[in-house]
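Number of protein chains: 2
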Amino acid sequence: MKLWSQFFIPTLKESPADAEIASHKLLVRAGLVRKLGGGLYTYMPLGLRALQKITQICREEIDGAGGIELWMPHVHPAELWEQGPRWAAAREIMFRADSAGDGKRAGRDPEFVLGPTHEEIITPLVKAEITSYRDLPKNFYQIATKFRNEIRPRFGLMRAREFIMMDSYSFDANDEGAIKSYHAIKAAYEKFFKRVGATAIAVEADTGVMGGSFSHEFMIPAEIGDDDVIYNEESGYAANREKATSGIVPKDLADAAPAGALEEFATPGVLTIAALEAAPYSVPGDKQFKTLVFIGDGKPFIVIIRGNDELEEAKLGSLGFTVTRAATAEEIEPVLGAKPGSLGAVKGTIKNAGALAGVFADHAIRLIGNGTTGANKDGFHVRNVNVARDLAITSFGDFRRVRPGEPDPKSGQPLKVRRGIEVGHIFKLGTKYSEKFGAVYTDDQKQSHLMVMGCYGIGISRTMQALIEQSHDADGIVWPWSVAPFQVLICLLDPKVEEAAGVAKKIATAAEAAGADVLIDDRDERPGVKFKDADLIGIPLRIVIGSKGLKDGVVELKWRTSKEVTKLPLAEAEAKIAEAVRTAAAKS
Amino acid sequence: MKLWSQFFIPTLKESPADAEIASHKLLVRAGLVRKLGGGLYTYMPLGLRALQKITQICREEIDGAGGIELWMPHVHPAELWEQGPRWAAAREIMFRADSAGDGKRAGRDPEFVLGPTHEEIITPLVKAEITSYRDLPKNFYQIATKFRNEIRPRFGLMRAREFIMMDSYSFDANDEGAIKSYHAIKAAYEKFFKRVGATAIAVEADTGVMGGSFSHEFMIPAEIGDDDVIYNEESGYAANREKATSGIVPKDLADAAPAGALEEFATPGVLTIAALEAAPYSVPGDKQFKTLVFIGDGKPFIVIIRGNDELEEAKLGSLGFTVTRAATAEEIEPVLGAKPGSLGAVKGTIKNAGALAGVFADHAIRLIGNGTTGANKDGFHVRNVNVARDLAITSFGDFRRVRPGEPDPKSGQPLKVRRGIEVGHIFKLGTKYSEKFGAVYTDDQKQSHLMVMGCYGIGISRTMQALIEQSHDADGIVWPWSVAPFQVLICLLDPKVEEAAGVAKKIATAAEAAGADVLIDDRDERPGVKFKDADLIGIPLRIVIGSKGLKDGVVELKWRTSKEVTKLPLAEAEAKIAEAVRTAAAKS
Numbered sequence: 001m002k003l004w005s006q007f008f009i010p011t012l013k014e015s016p017a018d019a020e021i022a023s024h025k026l027l028v029r030a031g032l033v034r035k036l037g038g039g040l041y042t043y044m045p046l047g048l049r050a051l052q053k054i055t056q057i058c059r060e061e062i063d064g065a066g067g068i069e070l071w072m073p074h075v076h077p078a079e080l081w082e083q084g085p086r087w088a089a090a091r092e093i094m095f096r097a098d099s100a101g102d103g104k105r106a107g108r109d110p111e112f113v114l115g116p117t118h119e120e121i122i123t124p125l126v127k128a129e130i131t132s133y134r135d136l137p138k139n140f141y142q143i144a145t146k147f148r149n150e151i152r153p154r155f156g157l158m159r160a161r162e163f164i165m166m167d168s169y170s171f172d173a174n175d176e177g178a179i180k181s182y183h184a185i186k187a188a189y190e191k192f193f194k195r196v197g198a199t200a201i202a203v204e205a206d207t208g209v210m211g212g213s214f215s216h217e218f219m220i221p222a223e224i225g226d227d228d229v230i231y232n233e234e235s236g237y238a239a240n241r242e243k244a245t246s247g248i249v250p251k252d253l254a255d256a257a258p259a260g261a262l263e264e265f266a267t268p269g270v271l272t273i274a275a276l277e278a279a280p281y282s283v284p285g286d287k288q289f290k291t292l293v294f295i296g297d298g299k300p301f302i303v304i305i306r307g308n309d310e311l312e313e314a315k316l317g318s319l320g321f322t323v324t325r326a327a328t329a330e331e332i333e334p335v336l337g338a339k340p341g342s343l344g345a346v347k348g349t350i351k352n353a354g355a356l357a358g359v360f361a362d363h364a365i366r367l368i369g370n371g372t373t374g375a376n377k378d379g380f381h382v383r384n385v386n387v388a389r390d391l392a393i394t395s396f397g398d399f400r401r402v403r404p405g406e407p408d409p410k411s412g413q414p415l416k417v418r419r420g421i422e423v424g425h426i427f428k429l430g431t432k433y434s435e436k437f438g439a440v441y442t443d444d445q446k447q448s449h450l451m452v453m454g455c456y457g458i459g460i461s462r463t464m465q466a467l468i469e470q471s472h473d474a475d476g477i478v479w480p481w482s483v484a485p486f487q488v489l490i491c492l493l494d495p496k497v498e499e500a501a502g503v504a505k506k507i508a509t510a511a512e513a514a515g516a517d518v519l520i521d522d523r524d525e526r527p528g529v530k531f532k533d534a535d536l537i538g539i540p541l542r543i544v545i546g547s548k549g550l551k552d553g554v555v556e557l558k559w560r561t562s563k564e565v566t567k568l569p570l571a572e573a574e575a576k577i578a579e580a581v582r583t584a585a586a587k588s
Numbered sequence: 001m002k003l004w005s006q007f008f009i010p011t012l013k014e015s016p017a018d019a020e021i022a023s024h025k026l027l028v029r030a031g032l033v034r035k036l037g038g039g040l041y042t043y044m045p046l047g048l049r050a051l052q053k054i055t056q057i058c059r060e061e062i063d064g065a066g067g068i069e070l071w072m073p074h075v076h077p078a079e080l081w082e083q084g085p086r087w088a089a090a091r092e093i094m095f096r097a098d099s100a101g102d103g104k105r106a107g108r109d110p111e112f113v114l115g116p117t118h119e120e121i122i123t124p125l126v127k128a129e130i131t132s133y134r135d136l137p138k139n140f141y142q143i144a145t146k147f148r149n150e151i152r153p154r155f156g157l158m159r160a161r162e163f164i165m166m167d168s169y170s171f172d173a174n175d176e177g178a179i180k181s182y183h184a185i186k187a188a189y190e191k192f193f194k195r196v197g198a199t200a201i202a203v204e205a206d207t208g209v210m211g212g213s214f215s216h217e218f219m220i221p222a223e224i225g226d227d228d229v230i231y232n233e234e235s236g237y238a239a240n241r242e243k244a245t246s247g248i249v250p251k252d253l254a255d256a257a258p259a260g261a262l263e264e265f266a267t268p269g270v271l272t273i274a275a276l277e278a279a280p281y282s283v284p285g286d287k288q289f290k291t292l293v294f295i296g297d298g299k300p301f302i303v304i305i306r307g308n309d310e311l312e313e314a315k316l317g318s319l320g321f322t323v324t325r326a327a328t329a330e331e332i333e334p335v336l337g338a339k340p341g342s343l344g345a346v347k348g349t350i351k352n353a354g355a356l357a358g359v360f361a362d363h364a365i366r367l368i369g370n371g372t373t374g375a376n377k378d379g380f381h382v383r384n385v386n387v388a389r390d391l392a393i394t395s396f397g398d399f400r401r402v403r404p405g406e407p408d409p410k411s412g413q414p415l416k417v418r419r420g421i422e423v424g425h426i427f428k429l430g431t432k433y434s435e436k437f438g439a440v441y442t443d444d445q446k447q448s449h450l451m452v453m454g455c456y457g458i459g460i461s462r463t464m465q466a467l468i469e470q471s472h473d474a475d476g477i478v479w480p481w482s483v484a485p486f487q488v489l490i491c492l493l494d495p496k497v498e499e500a501a502g503v504a505k506k507i508a509t510a511a512e513a514a515g516a517d518v519l520i521d522d523r524d525e526r527p528g529v530k531f532k533d534a535d536l537i538g539i540p541l542r543i544v545i546g547s548k549g550l551k552d553g554v555v556e557l558k559w560r561t562s563k564e565v566t567k568l569p570l571a572e573a574e575a576k577i578a579e580a581v582r583t584a585a586a587k588s
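Chains as they are written, first to last, in the numbering used here: chain A, 1 to 588; chain B, 1 to 588.
Honestly, the hints are just simulated from the structure, not real lab data.
One should not assume that every hint holds.
Intra- or inter-copy, both count: the list cannot distinguish identical chains.
[Claimed, not checked] Here are the simulated lysine-lysine pairs, DSS-like style, with alpha carbons at most 30 Å apart:
1) Lys558 - Lys505
2) Lys53 - Lys138
3) Lys138 - Lys496
4) Lys191 - Lys347
5) Lys567 - Lys410
6) Lys35 - Lys127
7) Lys53 - Lys194
8) Lys138 - Lys25
9) Lys496 - Lys339
10) Lys432 - Lys446
11) Lys532 - Lys138
12) Lys563 - Lys506
13) Lys506 - Lys138
14) Lys13 - Lys446
15) Lys138 - Lys13
16) Lys446 - Lys35
17) Lys532 - Lys127
18) Lys446 - Lys563
Bear in mind that the values here come from a model prediction, so they are computed numbers and not experimental data.
With the rest of the complex left out, here is chain A:
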């Protein structure tokens, strides 16, 4: 048991000025964290206790799924990252670590970097240590600090420069094994989130810069989440914004019959979809082709979507470029022959089609029959454009942003959208990293194969804050039992009265024996202050011991989740409280 007076819980009445969301405010007000700098937080004693409990539950569940714990350095030789598949993109969010003294490497590539995740470290390690199929499968994990040089850290621990992650890496002999490892970890994640008291849902996700073949995000639903979840609870479909598709294009859609010949017409000053929707042109958005130009690894390429759709830029990741960005007007004109506003992809109108890396079309443009697009001539458009007849398309893909109400691709029911906080992410990586680092093993026929990898992460510090975001009220935090820094708070109203202190100690001992961590508020403060702080720091079970109650032979029991106060006869208090602890622990 700990005494408040000998512990350190600096609660605050006011929220810090930079805290925009409830959980961030409560983290600071309840004395769980203090800000050192942008995105850099000290875990104060109470916060660290919650963090350690989350960590321990995570360790147990990953161990239970066969994970083997190790601990890799925070500082990485940059050359390993340079050898890996994502250095160009990753370095933008990484810290480099040079000598603070001499600045000798100023202007040069870094010698060391701080790890945001550890694929580039574990893969060469496994390559060096594992050579035989007999040592596979293996799943290594660590729970450690990660670093991202966030330009705009915000929301407390949600988007921080330093954060704590459980990251694990599976190595299998083949794809079948890798899928098995993936699902074992997915099941462990589900148990973990349940045990810490979080409602987390697994959603299909994009693999992004990490690469790989498939992926799920674990999201805790919350208004302030930084990610959209597109879902339908009946069908069970759930995907994040970058991955979500809808069933608006029927699978058996036939190409529209061309209605007439292509016809160029003047559209002076028309530079937007909206302008072409307006009179005198009156072309509906869903009858327009929107032609967008990007640069992928240095070469221009075209993406065509419907005029009334929005591009979901992350979906361009499926095209396989390492670095993608929007093209400038200066880059577009020499290739297409016109400025933005009059662009199109009708065969024969592209000035220098040979310069393009491709023309990629969203499936939904197949819904357009006899549409309109730019003529690649400033101030002109073309009508009666038909996909199959008129457009030179390299390949179709899913590039559009899904809207609520569109049909779920699984069941056709309307899709819904809600915000969520990403607290975990799992990837089936395939051989992307094992290829780069030569992580091969020999099978029982002495044949050599690439290992098939998966990688998996849980944001431990982020989960701590997400739990607060999910579980608080106007008075403060409402900790789930399993991760509460203390499970029982004894408010000792008259700490100097020996009898009261003695009762507190006895009850604390009984609660501890039943499995609770106990904090005794022995401060020389008014009851009102103690009760306010008790609500603020959110300990699940509160016991109040005061001289007045003791005269009546009672102590008071109150759950943080309820307003009800139960008076316990002193003679039964220890047993009743121990029983309450055991019941709560069994339920959690």
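Given the coordinates of chain A, assemble chain B onto it according to the supplied hints.
Just chain B now, kept in the frame of chain A:
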């Protein structure tokens, strides 16, 4: 319990080429660590288990001494270090953390640095959070990774770029309280080292760049240690090289009576103490003054020691300069009037005495009567020099290196010297940091005072390696019970024989119930391989279960510290092994 086949212990027959010392070789050979880069190590699964046990024992002991655990960021805003008292010196060994992508800060001062220790972080935190005497004393600690940009990392975890430390910081209302806090931590350190099975001795130490008023190092004696301990076991005196003094100067020493007038004499070509000792001059080293010139914070100063003594450069730290370095010949000549070889400090011979920041003399020069020193005229010396009469000394101090056999300052008995590994260091800091950061509190009279600080560190990863250095034999590691990654290793010689595997599981269960962590070697390997690995990884208690033994109704028990093998009848095996576990645990 863990199965070897599902765990990961990559043992090696050969030592890595860069391992110079036994513990470094064993760390790698036993599969406890793997090198990622110079001074950067991955803790492999077995190594991490030992590390976590040491960590937990440390946590319990520091908690027991009233320590309050928190966790501060690894990345620090550089401005806090700039505000602190030791930036100029510390930045030489620190990493800066900039963006890896743009290198915008190239050539400029860093925005962030990686913490080698956390005085500059905890002091402003406490200043912001504690304002009243009622919240004092407090001792905050963390167990976390620290960073030093070592130019020449070596000896494995001994001198690494990343290492794990327990660092704690005490804040008291006054000096008396600070001394009490210091001694509470010192006692906790002694318990910690005893519990992890280390023979560590507390030695008086220099406060160095950390500053402060007094200090102890905890040293584990070892040939390969990087530090000398000067000691006498009977008197109990123990100090490190930088701090050690000897009793060669009697306390009641009277100044020698001047024997004659100062006399300059020609010494062409004489540039060293040795040359003046030789004929025709024949001046013994202990009758010569050695005059050394340094630059302290930009100004030259003189240090005088006996000709036959060596300077202990770290002792110049007591002079209070922030940065000290040897002066060059070009810097010396304009001030003293001569080149090195003919330097001295006789009154009136220094060309520009006003430029000096001081003349500091080692106590032992007072043993010289009628000595010889340089004349500050190239090729000339002066004889009949007497300290009190002839030298303009700013102050006396202890600057010489102690030699074995010199009298212990406490008892006069001969001092001995041995090598040790520094595993802990505690400092009474005083108000050096609270002053810089304005960490004040208000007393019960509403008066404001500076908090009095102490800081304390234990090298957790270093202790792990030092334990191996202290406890190994030709076959491998001999882990102390308390920190062994597993306490019991069951060598299952015929893992495919169901009966044997069943017995192993039963015995493992009994040993675990008695409090041991159990590893079962279920690999498909020859007994010889298993026994060699068992000795190498050094698990304290080994149980051998084989089909042959089971036919005879026995299993074998062997301690790592003994060659003796005990045959246990199968019926008694569980009970006997559980008893052995309980006995070993009670002793550790």
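Going through the hints against the structure:
Within a single copy, Lys558 and Lys505 get their C-alpha atoms as close as 18 Å, which meets the 30 Å cut-off; across copies the closest is 45 Å, which misses it. For the identical chains of this complex, Lys53 and Lys138 are neighbours both inside a copy (26 Å) and across copies (24 Å), given an alpha-carbon limit of 30 Å. With identical chains, the CA atoms of Lys138 and Lys496 are at most 30 Å apart between copies only, with a shortest distance of 21 Å across copies and 57 Å within one. For a Cα distance limit of 30 Å, the shortest separation of Lys191 from Lys347 qualifies neither inside one copy, at 55 Å, nor across copies, at 82 Å.
Taking the shortest alpha-carbon separations for Lys567 and Lys410, neither the intra-copy value of 54 Å nor the inter-copy value of 65 Å comes in at or below 30 Å. In the homo-oligomer, the alpha carbons of Lys35 and Lys127 lie at most 30 Å apart only across protomers (14 Å), although the nearest pairing inside one protomer, at 40 Å, exceeds that limit. In this assembly of identical chains, the alpha carbons of Lys53 and Lys194 lie at most 30 Å apart whether taken from the same copy (14 Å) or from different copies (28 Å). Taking the shortest Cα distances, Lys138 and Lys25 sit within 30 Å of each other only across copies (26 Å), while inside one copy they are farther apart (41 Å).
In this assembly of identical chains, Lys496 and Lys339 lie within 30 Å of each other by CA distance neither inside one copy nor across copies; the values are 81 Å within and 74 Å between. In the homo-oligomer, the alpha carbons of Lys432 and Lys446 lie at most 30 Å apart inside one protomer (23 Å), although the nearest pairing across protomers, at 66 Å, exceeds that limit. For the homomeric pair Lys532 and Lys138, the shortest alpha-carbon distance between copies (24 Å) is at most 30 Å, but the shortest distance inside one copy (49 Å) is not. For a Cα distance limit of 30 Å, the shortest separation of Lys563 from Lys506 inside one copy, 25 Å, qualifies, whereas the shortest one across copies, 50 Å, does not.
Taking identical chains as interchangeable, the C-alpha atoms of Lys506 and Lys138 lie at most 30 Å apart only when they sit on different chains, with a minimum of 26 Å there against 48 Å within one chain. In this assembly of identical chains, the alpha carbons of Lys13 and Lys446 lie at most 30 Å apart only when taken from different copies (23 Å versus 68 Å within one copy). Taking CA atoms no more than 30 Å apart as the test, Lys138 paired with Lys13 passes between copies only; the shortest distance there is 23 Å, against 49 Å inside one copy. In this homomeric assembly, Lys446 and Lys35 come within 30 Å of each other (Cα to Cα) only across copies, at 29 Å, whereas the closest approach inside a single copy is 56 Å.
Taking CA atoms no more than 30 Å apart as the test, Lys532 paired with Lys127 passes between copies only; the shortest distance there is 25 Å, against 56 Å inside one copy. Proximity of Lys446 and Lys563 under a CA criterion of 30 Å is satisfied in neither setting, with 69 Å inside one chain copy and 40 Å between copies.
In this structure, the hints that do not hold are numbers 4, 5, 9, 18, in rising order.
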